[in-house]
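Enquirer: Starting from the known structure of chain A, arrange chain B on it as the hints suggest.
Line order of the protein sequences matches chains A and B. So in our numbering, the last one in the first sequence is 211, and the numbering has no gaps at all. So in our numbering, the last one in the second sequence is 1296, and the numbering has no gaps at all.
None of these hints come from the bench; they were simulated from the model. Some clues are possibly wrong.
Claimed, not checked - Rough simulated footprint, nothing fancy, chain A against chain B, three-plus residues with beta-carbon under 8 Å:
id, region
1, 1103 to 1110
2, 1154 to 1164
3, 1170 to 1177
4, 1236 to 1244
Stated by the list, open to error - So, partial list: chain B residues that the calculated Cβ filter (under 10 Å) puts toward chain A:
id, residue
5, R1113
6, H1114
7, E1148
8, L1167
Computed from a predicted model, the values in this text were never measured in an experiment. Beta carbons are placed, not taken as given, at the ideal position from N, Cα and C, and that holds for glycine.
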Amino acid sequence: MAISPIPRPSLVLPGFEHVRRNWNHTYGTYAARLLPGEYYVTACDEGVYTTLGSCISACIRDRVSGIGGMNHFMLPASADADGWKSTSLSAATRYGNFAMEHLINVILKHGGQRQNLEVKLFGGGRILANMTDVGMRNITFARDYLATEGLKVTAEDVGDIYPRMVVYFPATGKVRVKRLRSLHNNVIVEEETRYLSAIESKPVGGDIELF
Amino acid sequence: MADNETIVELVRGVEGLVTLSHVFIRINQLIDSPDSSMADIAKAVSQDPSFTVRLLRVANSSFYGFSSSIDTVDKAVSVIGTGRIRSLALSMSVASSFAGLPNDLVSMDNFWRHSLYCAVIARILARRAGKCDPEAVFTAGLLHDIGELVIFNRLPEQAKDALLRVLDSVDELPIHEAERQAMGFDHAQVGMEMARQWNLPPLLEECIGFHHDIGKAQRYPREVALVHLANILAQMAEIDTLNLEDVSPADPGAWSIGGIDSGADIVEEVVREAQEEIVELEKLFIDDSSGKSAAK
Chain A
1 MAISPIPRPS LVLPGFEHVR RNWNHTYGTY AARLLPGEYY VTACDEGVYT
51 TLGSCISACI RDRVSGIGGM NHFMLPASAD ADGWKSTSLS AATRYGNFAM
101 EHLINVILKH GGQRQNLEVK LFGGGRILAN MTDVGMRNIT FARDYLATEG
151 LKVTAEDVGD IYPRMVVYFP ATGKVRVKRL RSLHNNVIVE EETRYLSAIE
201 SKPVGGDIEL F
Chain B
1001 MADNETIVEL VRGVEGLVTL SHVFIRINQL IDSPDSSMAD IAKAVSQDPS
1051 FTVRLLRVAN SSFYGFSSSI DTVDKAVSVI GTGRIRSLAL SMSVASSFAG
1101 LPNDLVSMDN FWRHSLYCAV IARILARRAG KCDPEAVFTA GLLHDIGELV
1151 IFNRLPEQAK DALLRVLDSV DELPIHEAER QAMGFDHAQV GMEMARQWNL
1201 PPLLEECIGF HHDIGKAQRY PREVALVHLA NILAQMAEID TLNLEDVSPA
1251 DPGAWSIGGI DSGADIVEEV VREAQEEIVE LEKLFIDDSS GKSAAK
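If we strip away everything but chain A, and leave its shape as in the complex, we get (with noise of 0.2 Å):
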């Protein structure tokens, strides 16, 4: 059998360099692997996953040019209780709007038109039936971030107590998720707990960058 050599993977935008691109033999496109706290755009014809427990991804792009991309977050749960309720700018929803605001202002920066602009968002499981369900609260943040944006969420799938894999390709706004088993559960909930802990020892300033 002939094997099509794979393509040299295109350009990165600046800033992105770290993250992870594998060659995908289904979509025929290379796709970049985001970790629980980064974020990627990009120009080019190219796809974007990652794996979602209790955390969410928005995917954002531009419907006329195509520039897009994804994050991938949760609200820290060091916020007490129902902190991140009462105060807007508590310490737990600064983080997600840090990852919403890095997203989109990257987007726009490389020429993104903010009316453009093509919300889907995804995750927010509750996958482990004995916590607490932040999943939901995570939903929550994203849905009022956007609503106070004034940015339309056109497809959703988030909540239940799934994991998923979401890949999502910016060029034409294709997104496929897919529900994963329970066998990854716990692989998942370990990377964002280590992510959670991370953001959780940082001081959180005005000014820091957190990505």
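Expert: Leaving out everything else, chain B in the frame of chain A:
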């Protein structure tokens, strides 16, 4: 290529941690012995009071759907039949035997739910195909992934590496292939060796060993094909989808080897039926035996 000695050693390493219940071993011996009678088997069952209680619960549940009530062990043994008692005894002792192999990678509840789904679905498929023993493939389904528990417990780093490879591949690399990449062998091979060391019937050995590689089946291709399909439909039941593209692909020959007419209808019917059955069966086969409920 698998290094068979490595697998044998790996399984030897858990010998003391996983032991089949005494009552199963006794029943197994009696059934294999030409001199034993139904009464001998009933006596062996009766010597384990907790097993007796659970056997009667299963006998009177919708698992068998007998119309009259079964209130004695003698009656249970004669109505259920010795062959099925053996399958049942093994199924009932297996979850508790593996409690000695804890791991940090997958919760036992989730592990056994998948196994039980596979068991239930293999049984439904076998009934439809009408050509092999539904109780035997039930047990095969319940045991098909036991090699995972050995790997998770003994080789946690490599097992985690394999799981990460699956996720990195956008969930397209099957877990058994990821295991081969990470450690040179897979859970099916480990499970098969486990079955050998336990002297389980050859049907179980083949179903456990070849559920990802049905072409290797020798004596029981039909049963192996059914467990292979059941494993895939079990994943669908688990994540509540009816789309075959959401789960690992089935061997295209499996439906006809298993003696089932494939089609979207059957997938939906079987998945839905299993989702209904699992609730009661979890209580019968998992709750009591995994030791979890007592700890809660």
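Enquirer: Checking each numbered hint in turn, tell me which of them this model violates, lowest number first.
Expert: none
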